Amino acid sequence: MLSEALRQAALAWRADDPDPATAATLDGLLAGAAAGDAAAVAELTDAFSGPLSFGTAGLRGPLGPGPARMNRVVVSRAAAGLARYLLAEGNAGGAVIVGHDARHNSAEFARDTAEILAAAGLRPLLCPGPLPTPVVAFGIRHFGCVAGVVVTASHNPPQDNGYKVYLGDGSQIVPPADARIAAEIAVASLVPVADLPRSADYEVLGDDLVTAYVARAASLVAPGAPRELSWVHTALHGVGTGVVRRVVAAAGFPSPHEVAEQSGPDPDFPTVAFPNPEEPGAIDLALALAREVGADVAVANDPDADRCAVATVVDGAWRMLTGDELGTLLADDALRAGRTGAYACSVVSSTLLASLAAASGQPFVTTLTGFKWIGRVPGLAFGYEEAIGYCTDAAAVPDKDGITTALRVLGLVAALKASGQSLAGRLDEIYRRHGLHLTSQLSFRVADLALIGEAMARVRTLPPATLAGEPVTATDLALGSADLPPTDGMLFNGDSVRVVVRPSGTEPKLKCYLQVRLPAAASQDLGSARARAGELMGRARADMAAALGL
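Numbering-wise, the working numbering puts 278 at position 278 of the sequence shown, and it's gapless, one number per residue.
Think of the hints as simulated: they come from the structure by calculation, not from any bench. Keep in mind it's a predicted model, so treat the numbers as computed, not measured. You may find that some hints are simply not true.
Listed next, the in silico DMTMM-like pairs over lysine to aspartate or glutamate satisfying Cα-Cα at most 20 Å (straight line) [said to hold, decoys possible]:
hint, residue 1, residue 2
1, K417, E429
2, K509, E454
3, K509, D543
4, K417, E228
5, K509, E279
6, K509, E278
7, K511, D476
8, K509, D46
9, K511, E279
10, K511, D543
11, K417, D428
12, K509, D160
13, K417, D296
14, K417, D315
15, K417, D476
16, K511, E278
17, K509, D448
18, K511, E454
19, K511, D428
20, K509, D488
21, K511, D488
Working from the sequences, and respecting the hints, build out all of it.
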């Protein structure tokens, strides 16, 4: 049964909604609830349970009517709140680049944002069509913007959309900016959406943004570097294909064998169960094409092309490299090339990067999870997180960029091929020098979020004394340290085993990030080392699951 208070809230929302499509959806839900449809009552209850939270990832959620969904009302209020924040910071007249992907309603949300920012006295620069997130992020510094907005849900399911905010340094927002913007959104939400001022006095960008991005990306490849290779690319129905084609052509690499079924934007993502390269089956078509054409490497971007996954032949079979494996290869390549500066990764990523940086005399920084932290490391030369996000050109894009990452991968593969080597062989070289580092994830998806809090309380109160048979020390990351601000997580560290446990920031999951590390001496016989590491990893996973009680 739908309560009268909820029915009245839904009717008030409908009166304020400028979108006929979501208004019609709301009408259908109200009619269903009145007829006793339990599913309609449940959807309305959830959609009006409270406002969609605005945090360091901006907004992200399912499309639909109601304050807990992504729609034109929520986006208009977000744009008005962002405008209030920027003006309070003294940015009147400042440029704000507004981009979007090809998801459902992305173009409309971007246009609403441009109109509201323009009426508030800012200078919106609206991208001319769907573009990769890193291209828009590049535009912040390129055009001297005070902020940037990208309407995207990245690799979320097709029913979702999102709203990502960057500040003028080109990085995603961090505290306290997120809380201050959220407060301004709350103030803007007191005004009916119809009363929010709008203006068509905004600039629609031409091709100069992409042209500048392509030129910058192509400049990352040395003129005399090898470029001969065969490769496969998939955009996973996202917006990366066009820019990838232009970048690789400008850099002098061969055109890829494209997965035709996935090369064009399609907001329904029809060939994948989940449009994330890390998900099982997502890159199966790319792997099949790679085998067919005898490619050296396969590259996959997620739908907004800020992430990059790479697959190659390892031990005679095609498989995707883990995020840590690719991060290790890219960092090693940068260090061999003499790229100086800070090398950084998140606390849940492999510790191997610290060893690589130290061996080359470069500083290493551990950050909290997310590129909002990695991108802000002073003097960043290279940064990555295990969730296939890499920053390879921080001076231009201090954020993860799946396109320049792909370009760096092509350069590395071509150079290795020219000398008779491979990505797998280079990884083995690194392990023999610095020790074998095996990483894995253990995730628990829950229907009741309270279970996550209970599990975290359990490992704080009764932390495991041993994992995989060896003693570990427990560190509560919520207490913070000289190296890291406080965050909800626990670190367990032993001689060979390391585990970080934390709640997911975007999904109803509790995640464990496990690492087994064996010293360089033990890694000379990599076959035996891998067998030993695999055994320890299996035991650590079982021990951690038992400790969490999920």
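For each hint, the structure was consulted:
1. Between K417 and E429, the direct Cα distance comes to roughly 15 Å. Compliance with the 20 Å bound is thereby established for this hinted pair.
2. A distance of roughly 13 Å separates the Cα atoms of K509 and E454; the hinted pair therefore holds under the 20 Å criterion.
3. Using a Cα cut-off of 20 Å, the hinted pair K509 and D543 holds, with the two alpha carbons roughly 18 Å apart.
4. A C-alpha spacing of about 8 Å is found between K417 and E228, which places the hinted pair at or below 20 Å, so the restraint holds.
5. At roughly 15 Å between alpha-carbon atoms, K509 and E279 fall within 20 Å of each other, so this suggested pair holds.
6. For a cut-off of 20 Å, the pair hint linking K509 to E278 stands: about 16 Å separates their Cα positions.
7. Taking the CA atoms of K511 and D476, the gap is near 15 Å; set against the 20 Å cutoff, the hint holds.
8. With a C-alpha separation of about 19 Å, the suggested pairing of K509 with D46 holds against the 20 Å cut-off.
9. Proposed proximity of K511 and E279 is supported: the alpha carbons are some 15 Å apart, at most 20 Å.
10. For a cut-off of 20 Å, the pair hint linking K511 to D543 stands: about 14 Å separates their Cα positions.
11. About 16 Å separates the Cα atoms of K417 and D428, which keeps this hinted pair within 20 Å; it holds.
12. With a C-alpha separation of about 18 Å, the suggested pairing of K509 with D160 holds against the 20 Å cut-off.
13. For the hint pairing K417 with D296, the CA-to-CA distance comes to about 8 Å; that is within 20 Å, so the pair holds.
14. Annotation: proposed proximity of K417 to D315 holds, straight-line Cα distance about 17 Å (limit 20 Å).
15. Between K417 and D476, the direct Cα distance comes to roughly 45 Å. Violation of the 20 Å bound is thereby established for this hinted pair.
16. Simply put, K511 and E278 have alpha-carbon atoms about 15 Å apart, close enough for the 20 Å limit, and the pair holds.
17. Between K509 and D448 the alpha-carbon distance is near 10 Å, which keeps this suggested pair within the 20 Å criterion.
18. Straight-line distance between C-alpha atoms of K511 and E454 comes to about 14 Å, which keeps the hinted pair within the 20 Å bound.
19. Straight-line distance between C-alpha atoms of K511 and D428 comes to about 28 Å, which puts the hinted pair past the 20 Å bound.
20. With a C-alpha separation of about 13 Å, the suggested pairing of K509 with D488 holds against the 20 Å cut-off.
21. Using a Cα cut-off of 20 Å, the hinted pair K511 and D488 holds, with the two alpha carbons roughly 12 Å apart.
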